[in-house]
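There are 2 protein chains.
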Amino acid sequence: MAPSVEGSEEALLPDLPRGPLHAYRARASFDWKELALFLEGEDMLRLKKSIFSALESDPLFARPGRSLSVDKLRELTFLRCRRVFQLDCLRTDTLLQSPPRILALVTCLGMYDWSLATKAFLHVFVFGSAIFNSGSERHFKYIPKIFNMEIFGCFALTELSHGSNTKAMRTTAHYDPATEEFIIHSPDFEAAKFWVGNMGKTATHAVVFAQLYVPGGQCHGLHPFLVQIRDPKTLLPMPGVMVGDIGEKLGQNGLDNGFAMFHKVRIPRQDLLNRTGDVTPEGTYITRFKDSRQRFGASLGGLSAGRVFIVGMCVVNLKLAVCIALRFSATRRQFGPADGEEVPVLEYQLQQWRLLPYLAAAYALDHFSKSLFWDLMALQQGLQQDDRSARQAELGREIHALASAGKPLASWTAQRGIQECREACGGHGYLAVNRLGDLRNDNDPNCTYEGDNNVLLQQTSNYLLGLLAQGGPGEHHLLGLPAQGGPGGARLESPLKCADFLAAYPALLGRRFAVTSLQDCLDSAVPLAAYEWLVCYLLRESHQKLTQEKRSGSSDFEARNNSQVYCCRSLALAFLELTVVRRFHEHTHQPDVPPPLRAVLQRLSALYGLWSLSQHTALLYRGGYFSGEQAGKMLEGAILELCSQLKDDAVALTDVIAPPDFILDSPIGRADGELYRNLWSAVLQQRRVLERPSWWPEFSANKPAPGSLSSKL
Amino acid sequence: MAPSVEGSEEALLPDLPRGPLHAYRARASFDWKELALFLEGEDMLRLKKSIFSALESDPLFARPGRSLSVDKLRELTFLRCRRVFQLDCLRTDTLLQSPPRILALVTCLGMYDWSLATKAFLHVFVFGSAIFNSGSERHFKYIPKIFNMEIFGCFALTELSHGSNTKAMRTTAHYDPATEEFIIHSPDFEAAKFWVGNMGKTATHAVVFAQLYVPGGQCHGLHPFLVQIRDPKTLLPMPGVMVGDIGEKLGQNGLDNGFAMFHKVRIPRQDLLNRTGDVTPEGTYITRFKDSRQRFGASLGGLSAGRVFIVGMCVVNLKLAVCIALRFSATRRQFGPADGEEVPVLEYQLQQWRLLPYLAAAYALDHFSKSLFWDLMALQQGLQQDDRSARQAELGREIHALASAGKPLASWTAQRGIQECREACGGHGYLAVNRLGDLRNDNDPNCTYEGDNNVLLQQTSNYLLGLLAQGGPGEHHLLGLPAQGGPGGARLESPLKCADFLAAYPALLGRRFAVTSLQDCLDSAVPLAAYEWLVCYLLRESHQKLTQEKRSGSSDFEARNNSQVYCCRSLALAFLELTVVRRFHEHTHQPDVPPPLRAVLQRLSALYGLWSLSQHTALLYRGGYFSGEQAGKMLEGAILELCSQLKDDAVALTDVIAPPDFILDSPIGRADGELYRNLWSAVLQQRRVLERPSWWPEFSANKPAPGSLSSKL
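As given, the protein sequences belong to chains C and Z, one line each in that order. If you're matching positions, the first sequence starts at 1 in our numbering and goes up one per residue. If you're matching positions, the second sequence starts at 1 in our numbering and goes up one per residue.
Among the hints, a few may not be true.
Copies of the same chain look alike in the list, so a pair counts if it fits in one copy or across any two.
[As the list claims (entries may be wrong)] Here are the simulated DSBU-like cross-link-like pairs (lysine-lysine), alpha carbons at most 35 Å apart as the crow flies: (1) Lys703 to Lys145; (2) Lys703 to Lys167; (3) Lys141 to Lys233; (4) Lys550 to Lys633; (5) Lys233 to Lys497; (6) Lys545 to Lys633; (7) Lys370 to Lys141; (8) Lys370 to Lys703; (9) Lys72 to Lys145.
Since the hints were derived computationally from the structure, they do not count as laboratory data.
Take the sequences, apply the hints, and build the full model.
Given below as structure tokens:
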């Protein structure tokens, strides 16, 4: 580290308290502060620290203890959201200057509490972006009102009976030229907008997606309209709007998800968000797109950004969970050699194998998340400059493919990882105060909203199959995918190079696992090579399956549906895993990595790659990439060896990614490692912990005379 | 069906309401009432119906809506528990006559609410059995007090810092001959009893496990003591007892888990539960066991029964979840052929593949659970008759091995299955009112209590490795396992025949997959044969790994720990899967199965077996059981073919296992299939759904002036 950083580092990254975790920290192979600086950079560390400090020093953000009612949780979340605006975390100028700060803000708030982060994010970024990106200058007057909270927004697309199939939405907007108004209407309750975040109790305005009808009855498809749903002075609903709260969810209960039905609600013509299509005062529909499908695609383009954010949110959840579980494992002792001292459960190979791959996944996916965010910014810069080049369009498709499989991979990895962490902490993991339940419950919706994971994966496999199709018209041309620069091969030079390896398709399918010693297996180059083969294999399998389905008379719809399981779905996931492995491999093997950090980072990269690959061992054997017992055993041996090598670095690796104790909010995961003192103290501080129950007289009185009501049975 | 049943069946199994599910019901290959009668029998159906009716007709059991505070939940659960006693569901004479009725009662209450079922179960069966099985006649006076709730009980083994390692418990019981009392003492807060169900608010008495010391200072190990912790008249703690509530958990919040510290609490000598060891008035320790290890094992023997019950509880959770998700999938329509009507999501192969294997698992594990319960009853009958035969001892070991891996398999299958069901219902699965969250959260502790799953699995692998060791002293004798009747082979005839296949060990390892057509793959004989090979393979791998570890100088402790991942752990799970597959295969292929039910039951058996086996495809290839691409593809093809064959039976199969709507308590899973009407109605009935929030003035006032507090950052 440069000396100039050294001085300020003391404040940025204070030393951690000495305690039971010290033994592991002392054995770490690297300096956790150096790694934190390398991964985050000084500016970002400073920003995060300032956000965390602001929350910790404000009593409104005091951890409330457990057991608040849903009503109270929502009130508190609203008040905190307002305070965030007062703190000016969301200042427009800052945000526009530095989108990474937006991501940092959302993830810092999320580390504290996802309901709060989501509430603010939906209001400013989802509602606000919808107005900014789908509207035009006449709508920009709403933007300042978002920041001073004169209005509060929500984004109303999903209906009770339709989510994934957005085109089947049934809310209507009929244009009435007599009054120059749209009439927003829900034909029945199945068309009620449903699940809309912030709509339950708070939102005054909604971006409502409805089928646009012009006089004469022609429908021009789904369009966004700005509709006032509540009076900002009273929070009472506007006439004709039936708006309410959908009730308790599995998690994120500080956020008020709601529903709305519209009974012929009239809004001014100008409140159509008219970026992609507009209606003249007389009622003529005008658009710059040639068909409604293209226009619809453009109007929903912003959803890709949502998925990129979700990847970041999932990574946060995984990070927090592994920090809690690993610090617990380093201090919880159970059993030991005969008559010896009990050993920390982290010393058990089984516990290492359960947790360390998820620690590696947190690091690998964190890097992927950041790099994808930078890609997204490049894309959006192009959009703002109205770049209509082929490269820009291809970049859009590539990012769409990455985000559409990135969200499933990140959300599932986090969901499984959190569950593993909860179980790895035994009973104490089941105690709410330790937070693993909240993390799991708050992460869970990431698996199904903004596009159900399984549905989204089809976007990615379609992208890959599309690249293949451009290589030739059919099966016999599979091997004819041209390399970049070759005739017709322009599309294969993907802007982010994620699919460029497909240019070597024929050679790749012939590739075989050739590692002969365990030592040689401990680098992420090994899984990287295997994944390239695997994606090619699954691409061929998927293509063959689709072709076979069509030959046997299936419609396109049937053929696609019958090619998902074991083929297209696996293809999309394997492609994303490959991309994550590749990016983290390149990141950890670049010359800029400070030498003292190389070993630990490369071990993390190798562990994530090999562990992730090991889910596909069956295919590696089936397709001939692996043969003989040794290949599979070497993969397993390498995973266990890396777990063993990383075990003593595990606590220091949590120190790099863990937020301050106040934010982490888990007695068993605190930095001082005083597991039992912290847990005991947290339990004793809960409400009425030692009091007898208020209903104690019910115990003393009214004893059952067994059988007294038995005639009922 | 016999005509005599026909008449009463109308009442027992009323017709289901006609509605959107009818289309699937009409396509079913079998009569759901016939299957229900075949699987449950008329008596059991009648018992369950009477319990369900009693709950439904009593306003105390009215579904409370969501959002009760933890305090309120506990009060309500206590009142309902008392009502269950008044209903006399728990009448001693009935229960003792028919243990299956106990299981039926617990699972019926659990289908309604696990907090209630667990509260009653812990009080009567865990606390009561501990007194009955660990105590002697002088303690039986407490039994009637359990049933009239004069006292309320809990079972206090786990301490804050020790769970799995029971021998390391640190609570002490010093005998004082001067007063003929034991002095129960917690040396520090880490020795506080912790996680004890019913202890938080309700229990008046606890069975407390403590290290027994006699005068002179000798410790005789862990013994159970009956300790009064609260005054039954006031529910105030007894002097010297600090007892409290550990607070909110991830689920089962109607149950009050608690902690207790004892400060030199004196109890009469007689309150030692003295079945396995006693202290004379003068302070001499007497026992009929030759060492403390043997005595300790006997005193904890009752835990096996707990695990068998847990298997049944997990099966209930899985059943409820698949019923909800499948009925949802049969009525939720999304997308469809171009310009055609939208199709139920159950028509998608991907959705079938996500859900139908869990439906099959629910049926297969249900059968396993029941059969294991019968085995347990045979064991307990032997215990009551003081059967000291070698067969009885072997039966105990075999059931211990089955229960120790059965609990992990059932709890993990349920946990994953519920999560898949929740995701398969999309956003609506995330709404609390649809109950998938409660099922997941209430099932979750089954993975870690009564023995952590990963720790328990070692019991089963140890059992199998022990059988192997008896076949010969070392590796070279691996093939020498004698068949039953051969010299030294007596132990290999396991009483339940679960391990008898190991007699064919040499031949089995040479077995190869030989199925050549998809059609031949559609029977559970195929996975059964593969599993026999797989268990032998993993047994050999585990043995070799252990041997290799020991040769390289590892202690027994290290060798065992380093042989769990990929070896012993997989061995235990594969053995249990084999047992479940075998029992369900035999059950569905027996001549008693009515011919109209054979096809569907055998498909369920094949699907569970093949799907479960497909997790091990990598090993099948690695070990040479599979070779070539076709084997793996055939396994996949068979799974998809069975899903397709079962798809039209899926709704009728839920009808067989679903409780009445009131018990199932999920708007999207109701028998009438009116998905949206039921969900909409449930949402509108929630508290204050259309009201503006109580804190609305906070919205209108105190608008943020952005940056007003920005100096803080």
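We went through each hint and held it up to the structure:
1. Taking the shortest Cα distances, Lys703 and Lys145 sit within 35 Å of each other only across copies (10 Å), while inside one copy they are farther apart (61 Å).
2. Proximity of Lys703 and Lys167 under a CA criterion of 35 Å is satisfied in neither setting, with 60 Å inside one chain copy and 38 Å between copies.
3. In this assembly of identical chains, Lys141 and Lys233 lie within 35 Å of each other by CA distance solely inside one copy; the values are 19 Å within and 68 Å between copies.
4. Proximity of Lys550 to Lys633 under the C-alpha cut-off of 35 Å is restricted to the inter-copy arrangement: shortest distance 19 Å between copies versus 39 Å within a copy.
5. In this assembly of identical chains, Lys233 and Lys497 lie within 35 Å of each other by CA distance neither inside one copy nor across copies; the values are 52 Å within and 75 Å between.
6. Taking identical chains as interchangeable, the C-alpha atoms of Lys545 and Lys633 lie at most 35 Å apart whether they share a chain (31 Å) or sit on different chains (12 Å).
7. In this homomeric assembly, Lys370 and Lys141 come within 35 Å of each other (Cα to Cα) only inside a single copy, at 32 Å, whereas the closest approach across copies is 67 Å.
8. Taking CA atoms no more than 35 Å apart as the test, Lys370 paired with Lys703 passes between copies only; the shortest distance there is 34 Å, against 62 Å inside one copy.
9. When the C-alpha separation of Lys72 and Lys145 is checked against a cutoff of 35 Å, the pair qualifies only within one copy, where the shortest distance is 26 Å, while the shortest distance between copies is 41 Å.
In summary, the numbered hints that this structure violates are 2 and 5.
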